[in-house]
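K.L.:
Produce the complete structure using the sequences and hints provided.
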Amino acid sequence: AAGVIQSPRHLIKEKRETATLKCYPIPRHDTVYWYQQGPGQDPQFLISFYEKMQSDKGSIPDRFSAQQFSDYHSELNMSSLELGDSALYFCASSLKGVSEAFFGQGTRLTVV
Amino acid sequence: GEDVEQSLFLSVREGDSSVINCTYTDSSSTYLYWYKQEPGAGLQLLTYIFSNMDMKQDQRLTVLLNKKDKHLSLRIADTQTGDSAIYFCAEGLTDSWGKLQFGAGTQVVVTP
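From first to last, the protein sequence lines stand for chains E and V.
Each residue of the first sequence is one higher than the one before, counting from 1 in our numbering.
Each residue of the second sequence is one higher than the one before, counting from 1 in our numbering.
There could be a bad hint or two in this list.
Claimed, not checked - Cut-off 30 Å, straight-line C-alpha distance, at most; resulting in silico cross-link-like pairs (DSSO-like, lysine-lysine): (1) V:LYS70 <-> E:LYS96; (2) V:LYS67 <-> E:LYS57; (3) E:LYS22 <-> E:LYS96; (4) E:LYS15 <-> E:LYS57; (5) E:LYS22 <-> E:LYS57; (6) V:LYS56 <-> V:LYS67; (7) E:LYS22 <-> E:LYS52; (8) E:LYS13 <-> E:LYS52; (9) E:LYS96 <-> E:LYS57; (10) V:LYS68 <-> V:LYS56; (11) V:LYS56 <-> E:LYS96; (12) E:LYS96 <-> V:LYS68; (13) E:LYS96 <-> V:LYS67; (14) E:LYS13 <-> E:LYS57; (15) E:LYS96 <-> E:LYS52; (16) V:LYS70 <-> V:LYS56; (17) V:LYS68 <-> E:LYS52.
Derived from the structure by calculation, the hints contain no laboratory data.
P.N.:
Here it is, written out as structure tokens:
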């Protein structure tokens, strides 16, 4: 069965650079969620989209923005990167009204 | 996570049962989830339970929910070395399935 696809899997950026992470949800899923997991920490909710509209916002820094496109894929844009942004970024998708959210393998971002 | 608490470590012998405990605080939680994360990997949804249920069994996994005490447990029968991982419990709300509040995770180490 198709799963949530994230790209790239690994990304190394320098401080103050910009990064774009992509997420392709499971086919027919209409909702996408972004999470940040720091080293040794639990995943923290950043933001979610339903039908291309932002549906919920968590602890997402102002330097980050995200959107969901007409094909339901989503991109997380991160600017002015800081060392503390180094983390595993997960995307999850679900179908509205259904209880299960499925996570991708994550993108490991390292800021040097 | 602040609102979801788990013990941090569990060591169990192969073939024994593992029990991972979790407490949550949000009484409006509708679904409670268990995710498994292996080193460097994504979050795998193991099982979930609706808040009006007491128990759910799925092959080797048994979830018990004590709604009065806001206590959730995951029992893994006949624990195998492949069960070594970090296990996260998470709570979610009806109106935002994928916006989850995770616990800090319990590292389960299975010894031969």
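K.L.:
Next step is simple, just say for each hint if it's right about the structure.
P.N.:
Results for each hint:
Using a Cα cut-off of 30 Å, the hinted pair LYS70 of chain V and LYS96 of chain E holds, with the two alpha carbons roughly 26 Å apart. Proposed proximity of LYS67 of chain V and LYS57 of chain E is supported: the alpha carbons are some 27 Å apart, at most 30 Å. With a C-alpha separation of about 21 Å, the suggested pairing of LYS22 of chain E with LYS96 of chain E holds against the 30 Å cut-off. Proximity of LYS15 of chain E to LYS57 of chain E is assessed by CA-CA distance (about 25 Å); at most 30 Å being required, the pair is judged to hold.
Simply put, LYS22 of chain E and LYS57 of chain E have alpha-carbon atoms about 18 Å apart, close enough for the 30 Å limit, and the pair holds. Restraint check: the Cα-Cα separation between LYS56 of chain V and LYS67 of chain V comes to about 14 Å, which is no more than 30 Å; the hinted pair holds. Under the criterion of a C-alpha separation no larger than 30 Å, the hint pairing LYS22 of chain E with LYS52 of chain E is consistent with the structure, at around 15 Å. This hinted pair checks out: LYS13 of chain E and LYS52 of chain E have alpha carbons roughly 28 Å apart, not beyond 30 Å.
Our distance criterion of 30 Å between C-alpha atoms is met by LYS96 of chain E and LYS57 of chain E, whose separation comes to about 17 Å. Distance check on the hinted pair: LYS68 of chain V and LYS56 of chain V sit about 17 Å apart at the alpha-carbon level, within 30 Å; holds. With a CA separation close to 23 Å, the supplied pair LYS56 of chain V and LYS96 of chain E stays within the 30 Å bound. At most 30 Å may separate the alpha-carbon atoms for a hinted pair to count; LYS96 of chain E and LYS68 of chain V meet this at roughly 28 Å.
As the CA atoms of LYS96 of chain E and LYS67 of chain V are separated by approximately 25 Å, the hinted pair is consistent with the 30 Å bound. Restraint check for LYS13 of chain E and LYS57 of chain E: satisfied, since their Cα atoms lie roughly 25 Å apart, inside the 30 Å limit. At roughly 13 Å between alpha-carbon atoms, LYS96 of chain E and LYS52 of chain E fall within 30 Å of each other, so this suggested pair holds. Using a Cα cut-off of 30 Å, the hinted pair LYS70 of chain V and LYS56 of chain V holds, with the two alpha carbons roughly 16 Å apart.
Of the pairs offered as hints, the one joining LYS68 of chain V and LYS52 of chain E is violated, with about 38 Å between alpha carbons and a cut-off of 30 Å exceeded.
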